[in-house]
Amino acid sequence: MNIDEVTLKTSDFVGQHVNTAEIDGDVDIFATGMVNSLFAMQLVLFVEKEFGAVVENEDLDLENFKSINALCNFVSRKLGLAAR
Amino acid sequence: MNIDLSEAQRHARLEFRDFAAQLVAPYADEHDRRQEMPMTIIKEMVARGYQGAPIPSEFGGGGMDALTWGLLCEEIGGASASLLSILTVHAMVAQALCKWGTDDQRRHWLPRLAAGEVLGAFALTEPNIGSDAGNVESTAVLDGGQWRLNADKRWISFGQAATLFLVFAKVEGKAAAFLVERGCQGLSTEPITGMLGFRSAMMADVHLKDCCIPVENLLGRIGFGFSHVAGAALDQGRYCIAWGCLGLAQAGLTASLDYASTRRQFGVFLKDHALIQELVADMITQTGAARMLCYRAAILRQQGDPSMIMEGTIAKYFTSRVAIKLAADAVQIHGANGCSDRYPVSRYLRDAKLMELIEGSSQMQQIMIANNGFNEHRMNARLKGGNGSVKK
Chain A
1 MNIDEVTLKT SDFVGQHVNT AEIDGDVDIF ATGMVNSLFA MQLVLFVEKE FGAVVENEDL
61 DLENFKSINA LCNFVSRKLG LAAR
Chain B
1 MNIDLSEAQR HARLEFRDFA AQLVAPYADE HDRRQEMPMT IIKEMVARGY QGAPIPSEFG
61 GGGMDALTWG LLCEEIGGAS ASLLSILTVH AMVAQALCKW GTDDQRRHWL PRLAAGEVLG
121 AFALTEPNIG SDAGNVESTA VLDGGQWRLN ADKRWISFGQ AATLFLVFAK VEGKAAAFLV
181 ERGCQGLSTE PITGMLGFRS AMMADVHLKD CCIPVENLLG RIGFGFSHVA GAALDQGRYC
241 IAWGCLGLAQ AGLTASLDYA STRRQFGVFL KDHALIQELV ADMITQTGAA RMLCYRAAIL
301 RQQGDPSMIM EGTIAKYFTS RVAIKLAADA VQIHGANGCS DRYPVSRYLR DAKLMELIEG
361 SSQMQQIMIA NNGFNEHRMN ARLKGGNGSV KK
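Those sequence lines, one after another, are chains A and B. Here this note's numbering is used: position 7 in the first sequence is 7, and no number is missing along the way. Here this note's numbering is used: position 190 in the second sequence is 190, and no number is missing along the way.
These aren't lab readings, by the way, just hints derived from the structure by calculation. One thing to keep in mind: the hints can contain errors.
[Claimed, not checked] Keeping only pairs whose Cα atoms sit at most 25 Å apart, straight-line, the calculated DSS-like set for lysine-lysine is:
(1) B:325 to B:353
(2) B:384 to A:9
(3) A:49 to A:78
(4) B:174 to A:66
(5) A:49 to A:66
(6) A:78 to A:66
[Stated by the list, open to error] Some chain A residues flagged as far from chain B (calculated, every beta-carbon gap over 12 Å):
(7) 76
(8) 77
(9) 81
[As the list claims (entries may be wrong)] Quick look at which bits of chain A chain B covers, simulated, 3 or more residues with Cβ under 8 Å:
(10) 10-20
(11) 35-49
(12) 59-73
From the three backbone atoms N, C-alpha and C, an ideal C-beta is built for every residue, glycine too.
Let the sequences and hints guide you as you build the complete structure.
Shown next as structure tokens:
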């Protein structure tokens, strides 16, 4: 797994759940109301199943989840992947 | 989709069925009339490991797999929807702790929940806040190294007897979740009676007036109380209720088959009347469809697949609709007998109505299911067109 794979999979997953045709990697998907209330936990399960990283209490920081790029950075840190 | 039960699951189902048939169903109507649930039944469920069944074994729970847990909810739900709701809210509190508790919180609370030393209740709904749960009016402030909570919670299942409440409140406008013990000064509960259904679920209003709790009783982080803590709990709740509705539907069907096989009108059994057969055929088909959705939700849950949340929502929405349809048909088949308290089908109908409201009303489920469908449709169209989904 490298950071490009993380980005591709994360983009695809988020893209399936936002109510807009295109999404910028830095846009705050929660603040803009692009997702519903179920999505937060779907995102957690996605990270855990797809990347094998356990999301825990101390990871509950909006900076980790607010956008596709934020999520990719979070997963990369969890997996110990080198930053781009 | 492989829905074969393992030998262990078949054995467990027989055990659950026996418990429900011997110790729950025969008394459910009486408990419904008295609007109470004896603690002896709760203790029996604890002794059998049912209350702690979904809690991981490392914390003293049963570590039960999702499908077996679903089978337990089905059997309890078919015998007493009120008892199912008590089992559900306990599991919701445990689920929130499993997922978002710190190591210390998990080590402290989960073994106690598994052993039934503490019994959980989920305190989200308020007099002014139902479906709009992200906007609770309850508040919490840090005061002298403690959290000070002021909250009025309504329709709290098992609120009369629970000893640990998962309470949702706003901290400076952000949602947060707190673990509040019954003994906390300032906490009081007020029994709710006269409900249409769930009459023995020991429902209560829960009041917290300047209730101070230790700082370590914050569960999850501030700002994540609704989206993640309640989200994890409600996912568990919808799953339990979906299976419970399946049990309720099955109970209505079984009661109808029994009644139609023994009741004679116009010289023949009801089962030989074509219009009764029409009702029964639809009941059988709808129960089967509901069962398939529950099994699908179980398999995805076992896999930890992100789609388990939406599939659980779909299962809850459909099974609750089936439960009330079947209960109404069961009453129809029973005629005036079905409208009396001589047969359990009138209780099934009253309880089924509440199933369409708890853990998210059918209308809220419909919105989420439909939006998800449109999102999937747009994604599929985008993939066919070969367009990228993200602007980098």
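Structure-based check of all given hints:
1. B:325 to B:353: holds (10 Å)
2. B:384 to A:9: holds (18 Å)
3. A:49 to A:78: Holds: residue 49 of chain A and residue 78 of chain A sit about 13 Å apart, inside 25 Å.
4. B:174 to A:66: The hint holds at about 16 Å.
5. A:49 to A:66: This hinted pair holds, its Cα atoms lying about 19 Å apart.
6. A:78 to A:66: Cα-Cα ~16 Å, so holds.
7. 76: holds (15 Å)
8. 77: Fine: 17 Å to the nearest Cβ keeps residue 77 of chain A off the interface.
9. 81: The claim holds: residue 81 of chain A sits with its nearest Cβ about 17 Å from chain B, beyond 12 Å.
10. 10-20: holds (count 9)
11. 35-49: It holds, with 12 qualifying residues against the three required.
12. 59-73: Per the Cβ count (4), the hint holds.
In terms of the numbered hints stated before, the structure departs from none.
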